[in-house]
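Listed below, chain by chain, are the residues.
There are 2 protein chains.
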Amino acid sequence: MTLQYWRDQIDQVDEELVRLLNRRAQYVQEIAKLKHRQGLPVHFPDREAQVFARICAANPGPLDGEALIRLFHSIIAESRRLEHDLINRHTSSEVF
Amino acid sequence: MTLQYWRDQIDQVDEELVRLLNRRAQYVQEIAKLKHRQGLPVHFPDREAQVFARICAANPGPLDGEALIRLFHSIIAESRRLEHDLINRHTSSEVF
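These protein sequence lines map, in sequence, to chains A and B. According to the working numbering, the first sequence holds residues 1 to 96 in order. According to the working numbering, the second sequence holds residues 101 to 196 in order.
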């Protein structure tokens, strides 16, 4: 296999990652709306610990658990940013 | 839909993300072996720019391009760490 072959494989994975990361973000927006409607806090620390436990349990490698947790810290940070943006930008009942 | 419903959806996406991030890491390891065998540099800055251009072009939102680039910076940083680890740990022809 050539370098180009593996890069093409990575490009395909990246396209799927872009799709999934955005799908996750959509679900986070749904949760933000729900929390807003129900007056729930944006941040549930237990939920974050649960997400980390799940991803480490499902990890087949070669990434180690620490690498996965670093990556999901970034993913969750972007989710939280999106959640706060949504709440700050739209407080009307049209969105929520 | 309840909060639990959306969390279950996110958990499913996260499992798929774990699978894909590890698949990407496997491909990165293949590339590391190839570069090592062919005496190529580990880091190709043009390739990184190409990856960012591709993911931004494929981005349907709601994440914006900047968020995606931040996420892929983290993903590429973990790839690079894995690539360096592999090269530092195994220099024998058994691995490469």
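FYI, nobody ran anything at the bench for these hints, they're computed from the structure. Computed from a predicted model, the values in this text were never measured in an experiment. Treat the hints with care, as some may be off.
So, partial list: chain A residues that the calculated Cβ filter (under 10 angstroms) puts toward chain B [said to hold, decoys possible]:
no., residue
1, Y27
2, E30
3, V42
4, P45
5, R47
6, A49
7, I55
8, N59
9, P60
10, L82
11, H84
For glycine and all other residues, C-beta sits at the position ideal for the given N, C-alpha and C.
Holds or violated: is there a CB of chain B closer than 10 angstroms to the CB of Y27 (chain A)?
-> holds (5 angstroms)
Given hint E30 (chain A) near chain B, where the shortest CB pair must fall under 10 angstroms = holds (5 angstroms)
Should the interface hint for L82 (chain A) be scored as holding, given a Cβ-Cβ cut-off of 10 angstroms against chain B?
-> holds (7 angstroms)
Going by Cβ atoms only, is P45 (chain A) closer than 10 angstroms to chain B?
-> violated (14 angstroms)
When the least beta-carbon distance from V42 (chain A) to chain B is tested against 10 angstroms, hint result = Nearest chain B Cβ about 12 angstroms off; hint violated.
Mind checking the CB of A49 (chain A) against every CB in chain B and telling me if the closest is under 10 angstroms?
-> Check failed: Cβ of A49 (chain A) comes no nearer than 13 angstroms to chain B, outside 10 angstroms.
Restraint outcome when I55 (chain A) is required to lie within 10 angstroms of chain B by C-beta distance = holds (5 angstroms)
Status of the N59 (chain A) interface restraint (C-beta, 10 angstroms, chain B) | Since chain B brings a Cβ to about 6 angstroms from N59 (chain A), closer than 10 angstroms, the hint holds.
Is the shortest C-beta separation between R47 (chain A) and chain B less than 10 angstroms?
-> holds (7 angstroms)
Does the interface hint hold: is H84 (chain A) within less than 10 angstroms of chain B, judged Cβ to Cβ?
-> Not OK, violated: H84 (chain A) not within 10 angstroms of chain B, min 13 angstroms.
Holds or violated: is the Cβ of P60 (chain A) closer than 10 angstroms to a Cβ in chain B?
-> holds (6 angstroms)
Checked against the numbered hints above, the structure breaks hints 3, 4, 6 and 11 and satisfies the rest.
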